[in-house]
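Start from the sequences, fold in the hints, and give me the full structure.
Listed below are the residues making up each chain.
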Amino acid sequence: MNNPIIELKRLTKTYGDFKAVNELDLTVNKGEIFGLLGPNGAGKTTTILMMMGLTEPSSGTARVCGFNATKDPLSVKRLVGYMPDSVGFYDTMTGLENLMYVGELNGIPRSEVEERALATLDLVGMSGDAIHKKTAAYSRGMKQRLGLAEVLIKDPKVIILDEPTLGIDPSGVKEFLALILRLSREKGLTVLLSSHHLHQVQQVCDRVGIFVKGELLAEGTIDTLSNLIFAEKSYEVHVSLENVIDLPWKDEAEMLQLDAVQQVRVQDQIIGITSSRDLTPAIVRFFVQKGYDVSGVQKKEYGLEEIYERYFEKNLT
Amino acid sequence: MKAIKDLFDSHSSTTTETRPHPFWVMVRKEISGHIRSWRFLVLLLLILLTFWGSISVALSNIREVVADAKDPDRLFLYLKLLTTTEGTLPPFHVFLNFLGPIVGISLGFDAINSEQQNGTLTRIMAQPVYRDNLLLSKFVSALTLVGSLLLTLSLLMIGGGILITGVLIEAEEVFRIFSFTVLCTVYVGFWLGLSILLSIIFKQASTSALTAIGIWLFFTVFYQIIIDFLAGTVIPAANEFSQTDVIRYNKLILNLLRLSPSQLFTDATTTLLIPSVRSLGPITMEQMAGAIPSPLPLRDSLMIVWPQVSGLIAATMMCFAASYYLFMRREIRG
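Listed in order, the protein sequences are those of chains A and B. Quick note: the first sequence uses the UniProt record's numbering, first residue 1, plus one each step. Quick note: the second sequence uses the UniProt record's numbering, first residue 1, plus one each step.
Don't read these hints as lab results, they were simulated from the structure. Take these hints with a grain of salt, some might be off.
What the hints assert, rightly or not - Here are the simulated lysine to aspartate or glutamate pairs, DMTMM-like style, with alpha carbons at most 20 Å apart:
id, chain 1, residue 1, chain 2, residue 2
1, A, Lys71, B, Glu331
2, A, Lys30, A, Glu236
3, A, Lys71, A, Glu32
4, A, Lys300, A, Asp259
5, A, Lys9, A, Glu219
6, A, Lys174, A, Asp155
7, A, Lys19, B, Glu331
8, B, Lys203, A, Asp85
9, A, Lys71, B, Asp68
10, A, Lys300, A, Glu236
11, A, Lys157, A, Asp259
12, A, Lys300, A, Asp278
For clarity, every value in this text was computed on a predicted model and none was experimentally measured.
What follows is the structure, given as structure tokens:
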């Protein structure tokens, strides 16, 4: 699986003093689904624009399918389908006409374009009357599908989707992502999608990169990412008590004596215990033996959400 | 070897009929978009109405005009149809001086910014097409429409004229009328180029429309006033200097006035449609001494008009060059 199709090397984009993207190194291999995660304004869209040759990098290079995106954007655009975050169509034309126009711009002969367009629309699950309606009447979900059809009609090797799940309802998102996953597997497409919705991305991505303030903080599969960050802090148990604890807590030293306990934090009625193993039963037993009135025990687990949050926290401080 | 192969590939792809060049695909889409739009319909009605009005006024007066023995142009019946007026309505070419800018501006003021607002610009630019093709297609499509519209009107006028008067048209008149059509198209082209440029500069379509109309108003109304005012203050009282000075100042003022595109258009159309116009500047008594008031041949009229036409083309080119410069390296963001 070492077959890079997108290679970004020290890619930098500055707007005046503001660094939107800072020395980004990123490789995406053929056939994988890569998720670019980050909050709004992290520089995801800017990075994508540089990959498509729609904006020039201040320094560094972006190579897509072996072509330099800045110097030879046309070759890149022939092989890469890009769906921007706000898809717009010519409102006075029907969905099919919009799609045929893009098909013709990609050099599909006039005699074939209608057939190809209909086949592509079928692929993304659009058919019937809807395709002959003016796009002004389309719902957000339909626009998204038409956008995907437009990306696919040129028979791309790579598709880049910028916030593809923005503004569609949860069931629509699920369907849409399943569609992308299926297409990618069937046609061997490389997919790069950017998002700030984690669990959505979690469902389909082979690999994710976390991108904050123009820098790629981490990349890898979701498992490796969580191991990487939470190596020292894998389990956390919060115990709530009936009464307020006087500080310093008299039993803190004894608690730390317990095997695998790493850290104890006390705040009002809540005691947070961090450990390298799951110690919940032992901790509860400990409190009961000491005669505390335990009102609640909460075990925290780490998913992508927490990984993400942790990165943002780190970055904020 | 690879280069030769590439050359062959690209050559074969452009020459095969079934694979259209993206540029022509864009032009076709733009033209069909224009034709289907309300905006074009309104413009069409406006032009048709003006044309009908001015021609019908001219037709009702044509008998007296042609019979006027003192007029050296009386034999050019069809040119007379375009230029005659009894005072209630200005003739067609003067009307076009106003309508041309309106047509050009309204076809171009939202060329780029509306695409950006609708989010279509990013999508089109993500396709394998050159950026300049988009600009050029906007320009070419609107100009094709205007050109064919004016050509149709001229043919309509000639045909109608033949039917009504029964006088056959002379070859020279045909050429003059066609040159007039080309000139009008170039004039509209200038305003189109300007409004496309403004549509790149301003993100809001209304701002760019307003600015374009502002520029047009400035040149048609205020520019002349400003030049007159400046001339009044800078140039001393007329009786203090010689004849050569008068001519020099006169030329200077005329040249300043010719910075305005509408002045260029007026000069050029007048020369083309009124063949007896022999000079657009002041003529001395010596120059006039031997001249017989007679119409100029077409070639000489074209010679007089040429600087005006090249001025208009140059101004259009300038707008276009600025558009390219601004658009080619701009970041395309939705």
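query: Is the hinted pair Lys71/A and Asp68/B satisfied, with a Cα-Cα distance of at most 20 Å?
result: With Cα atoms ~69 Å apart, Lys71/A and Asp68/B exceed 20 Å; violated.
- prompt: Straight-line Cα separation of Lys300/A and Glu236/A no greater than 20 Å?
  reply: holds (5 Å)
message: Tell me if the straight-line CA distance from Lys300/A to Asp278/A falls inside 20 Å.
response: holds (10 Å)
Pair hint outcome, Lys30/A versus Glu236/A [Cα-Cα no greater than 20 Å]: violated (38 Å)
query: Given the proposed pairing of Lys300/A with Asp259/A, does the C-alpha separation stay at or below 20 Å?
result: holds (19 Å)
query: Within 20 Å, alpha carbon to alpha carbon, are Lys157/A and Asp259/A?
result: violated (53 Å)
message: Need the status of pair Lys71/A, Glu32/A: alpha-carbon distance at most 20 Å?
response: Violated: Lys71/A and Glu32/A sit about 26 Å apart, past 20 Å.
query: Taking only the CA atoms, is the gap from Lys19/A to Glu331/B under or equal to 20 Å?
result: holds (16 Å)
query: Is the hinted pair Lys71/A and Glu331/B satisfied, with a Cα-Cα distance of at most 20 Å?
result: Holds, at roughly 15 Å.
message: So if I understand the rule, the pair passes when the alpha-carbon distance is 20 Å or less; does Lys9/A with Glu219/A pass?
response: It holds: about 15 Å lies between the C-alpha atoms, which stays within 20 Å.
query: Hey, Lys174/A versus Asp155/A, does the alpha-carbon distance stay inside 20 Å?
result: violated (24 Å)
- prompt: Under the criterion that the straight-line Cα-Cα distance not exceed 20 Å, is the pair Lys203/B, Asp85/A satisfied?
  reply: It holds: about 19 Å lies between the C-alpha atoms, which stays within 20 Å.
Hint compliance for this structure: hints 2, 3, 6, 9 and 11 are not met, and every other hint is.
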